[in-house]
Amino acid sequence: MSHKWFAITKAEYFVLTSSLRPHRKIWMSILLIFGLIWAAYLAPLFIGVVVDFIMPLSEFRGLLLVMFPGLMRAVMFLLFMLLFLMPLSYALQEIKIGQWEILFSNNVRTRDILIGTFLGKIPIYGLIILFLAPPLISVFFLAFEVSLLGQALIYGTLLLMVVTTMWLSNFVTAMIQSKLGDSPRGDDLAKGLAMLLAVAITCPMYGLMFFAPQLSSILGMNVFLLFPFTWSADVITWLAVTFNGLGLAGIQIAAFQDILQLNLATSGLLMVAFSIACLGIGLAGADRVFTLRMGARTETITTIRSENLLLRGMRRVAPGAFGSLVVTAFKDFFRKVQNLSRIAYGVILAVIFPFLISTITFIDASGVDLAILVLMSGIGMTLIGGMTFAGTGFLESKNQLWIIQSAPRGGSRYIKARLALAFLVLLPLTLLPVLVTTVLNGLNFILFSGFFIFSYAIACGSAMFATGLTALNPNYDDTRSPEHMMNLMMSIMVPEFLMMSPMLLIVIGAIIDVPLNRILVNIFGVFGETSAWAITSAIPILVVSGLVVYLGTRSLGQPEY
Amino acid sequence: MPQNGVCIRTNHLNKTFGPIPAVRDLDLEVHEGSRFGLLGPNGAGKTTTVRILSGLLIQTSGTATVCGFDINTHRDKIKAVTGLLPETPGLYSKLSAVEFLEFIGALNGYSKDASHRRIDQLLAILGLESRQDDLLESYSSGMKQKVLVASTLLHEPKLVFLDEPASRLDPSASALVKELILALAEETATTFFVCTHQTSLAEDICDVIGIIINGQLMTLGSPQEIIATAKAANLEKAYLKIVGGKVDRQALLAWRA
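Heads up: the sequence lines are chains F and Y, in that order. Residue numbering for the first sequence follows my numbering, beginning at 1 and increasing consecutively. Residue numbering for the second sequence follows my numbering, beginning at 1001 and increasing consecutively.
Pulled out of the complex, with its shape left as it was, chain F reads as follows (with noise of 0.2 Å):
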């Protein structure tokens, strides 16, 4: 009988690298002797020249070696995050259970589907991990000075740690998708759900920035050593002290162990029973965990109820062609799963960020530095407005845009609608912070004020620069296409930078000695020198959004050609 997993394994594989598709095997050999040769040689040559040019690395040694056990917990912390949740992240945007049906079809088992998917996997994960491992862990070999045998064990527990990671978010993502079936709301609700996972990937990262020192001390608790990827730091830690070429004493040794609490062979024991645990449960759960359900479109139908109070105030507001438009286009954007993950993601960052701006803007006991506080809350509220409607959400397919289209100046009066939802449900995005902003800061109703009319300017503008850009370039639904990356990406980008776009030109005035500040200050400072920066802050972002918006409608009322 024929391998079928093999079959599976290089399909995925071929999937995952269709964009190498005319030399793959080229491509792929290239990478990998590159790889070995970036690991082994290149990236330590790279970073003990680097370190060298910083401070002669004698004289840090000491600081490495005690930071190595809590930076590395770190680091296999967040690694354990990324291997798991964004295979998740990915496999969920795009539900293939028509794949799963056709191999069924196919007398193929699910153990089968589970091991050639993992192992399609491993080479561009693999490559991944080659290139961003060893100069993370470069610095700690110059410091301990590993011998070799030391540094393959490393790497060897390392890839351990990542292919048990990636069979664990394997079986865990074809059983979400086996669950929600493929139907629209399934659909719907695994994108909505791989939307948050990316909160869960963003948000510690965030907090590693930030609280880096507070995050090293904490993941050095007691707590920590329940969990699988701090026995795989530990017995990483554990290799480069035994394998050292300092010939650490007796004592120092001891000091690791009483940092790291379990010594070599329990951290290894644990590690290598979870690696078989895991790889256990996954081959006996295969065939019992996954049973093919066809999911919501069978099971679950929705009949909608008459309209809420907000719907109806809004065609009492605007009761012609355009008020029954925007109503659509709510009633579109909140029942799908999607749209209320990115307003989840929102509000999120809507509440982190005064926290986070308040720890900033406090300098001094003397109160708040506004210029700061306007500047990050700009940088938030373009989050907010590019993240909540970039990409997505827009345009379901390309047969739904012919249907727009085959009216009379349908794409205006579709993009006119979907701006007006977009300012709509920025309000209370944009009040939730500055109110949180304002407590915190003991700010008065004026600045308050203020502050809102800037926060909503910024917003509106990056939420009009995101719906211009997606009818310019749209990607209908489809999360994985490189136009929805660059419409996320330029719709979060963009903004930022034309926010900040009359500080680098104050920068570059002060530097050829025209006093721009000054200038500024005085068209537009009527209320102070913060006004005239929110108000030079936000001039650009609506003058450029306004014009995407328009250049979008005109792309989208076009003809193809």
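It is possible that part of the hints are untrue.
As the list claims (entries may be wrong) - Listed next, the in silico DSS-like pairs over lysine-lysine satisfying Cα-Cα at most 27 Å (straight line): (1) Lys-398(F) x Lys-1144(Y); (2) Lys-1241(Y) x Lys-1231(Y); (3) Lys-1077(Y) x Lys-398(F); (4) Lys-10(F) x Lys-25(F); (5) Lys-1246(Y) x Lys-1231(Y); (6) Lys-1241(Y) x Lys-1178(Y); (7) Lys-1231(Y) x Lys-1158(Y); (8) Lys-1178(Y) x Lys-1158(Y); (9) Lys-1237(Y) x Lys-1178(Y); (10) Lys-1246(Y) x Lys-416(F); (11) Lys-416(F) x Lys-1112(Y); (12) Lys-398(F) x Lys-1158(Y); (13) Lys-1077(Y) x Lys-1112(Y); (14) Lys-398(F) x Lys-416(F); (15) Lys-1144(Y) x Lys-1112(Y); (16) Lys-1112(Y) x Lys-1231(Y); (17) Lys-1178(Y) x Lys-1144(Y); (18) Lys-1112(Y) x Lys-398(F).
Don't read these hints as lab results, they were simulated from the structure.
Put chain Y on the given structure of chain F with help from the hints.
Just chain Y now, kept in the frame of chain F:
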């Protein structure tokens, strides 16, 4: 407005996608109130022709007028007097049938009150009233097709483009749509331009048929004329003779060796 009873007139219409010609030198006249069928195999250029005539696609060369309006300069006026049923459904999965049709009405400038009377009647005719408040994601493909038919007729267009209107419908729904087309054409002088590869549908509802192959119009006439010219028993056999659909049974099983 239609001129001299001609609803659609094309003159040397061409469309190429890169090196591939989709429509070649199409000269066509469709009369007001007629039911014109554009028959052809998959990839023959039927959908491309409809998209050009409905103002969604720009032709490579040639000219055309639709309801008296030039396709180069009066696209919005053409859209206002035509309806298009696309080949594949582009419905909003999270709207109900009523909400989707209200959306289409609003895109065409109708308020909720103005469009709801028509929506109720169309959904009743198409037998969807019992499911009209369910989200479209739970509809079968045939039901979705019926909603699309309703959306095409909602603003009472003078000319209706139907791209494979019955491809996803069961026989009874298909018969219903055929009757709807015939009734609208006879009672309201609505012109129908139907793209299909279903010869039975074309034979039943169309008074004039054009057969297009590789972007080129090969035959034009009434179903009876085409059958007689091809010396065939019915339109399907005539179509196969013109398109070249002879099947070699030996070749069909050769792959098993």
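Check the hint pairing Lys-398(F) with Lys-416(F) against an upper bound of 27 Å on the C-alpha distance. Satisfied, since the Cα-Cα distance of roughly 19 Å is no more than 27 Å.
Is Lys-1077(Y) close enough to Lys-1112(Y), meaning Cα to Cα at most 27 Å? Satisfied, since the Cα-Cα distance of roughly 22 Å is no more than 27 Å.
Below or equal to 27 Å on CA atoms is what counts here, so check Lys-1144(Y) against Lys-1112(Y). holds, 21 Å
Does the structure keep Lys-1112(Y) and Lys-398(F) at a Cα separation of 27 Å or less? Holds, at roughly 26 Å.
Measure nothing beyond the straight line between the CA atoms of Lys-1178(Y) and Lys-1158(Y); if it is 27 Å or shorter, mark the hint as holding. holds, 17 Å
Is the Cα-Cα distance between Lys-398(F) and Lys-1144(Y) 27 Å or less? Distance ~16 Å between Lys-398(F) and Lys-1144(Y) Cα, so the pair holds.
Does the alpha-carbon distance linking Lys-1241(Y) and Lys-1178(Y) stay inside the 27 Å limit? holds, 26 Å
Agreement of Lys-1237(Y) and Lys-1178(Y) with the hint, judged by alpha carbon distance not exceeding 27 Å: holds, 22 Å
When you check the alpha-carbon spacing of Lys-1112(Y) and Lys-1231(Y), does it fall within 27 Å? violated, 53 Å
Holds or violated: Lys-1241(Y) and Lys-1231(Y), Cα atoms, limit 27 Å. The given pair, whose Cα atoms are some 9 Å apart, holds under the 27 Å limit.
Are the Cα positions of Lys-1178(Y) and Lys-1144(Y) separated by 27 Å at most? holds, 17 Å
Restraint status (C-alpha distance of Lys-10(F) to Lys-25(F) at most 27 Å): Holds, because 13 Å separates the two Cα atoms, which is no more than 27 Å.
Hint violations for this structure: numbers 7, 10 and 16, all remaining hints satisfied.
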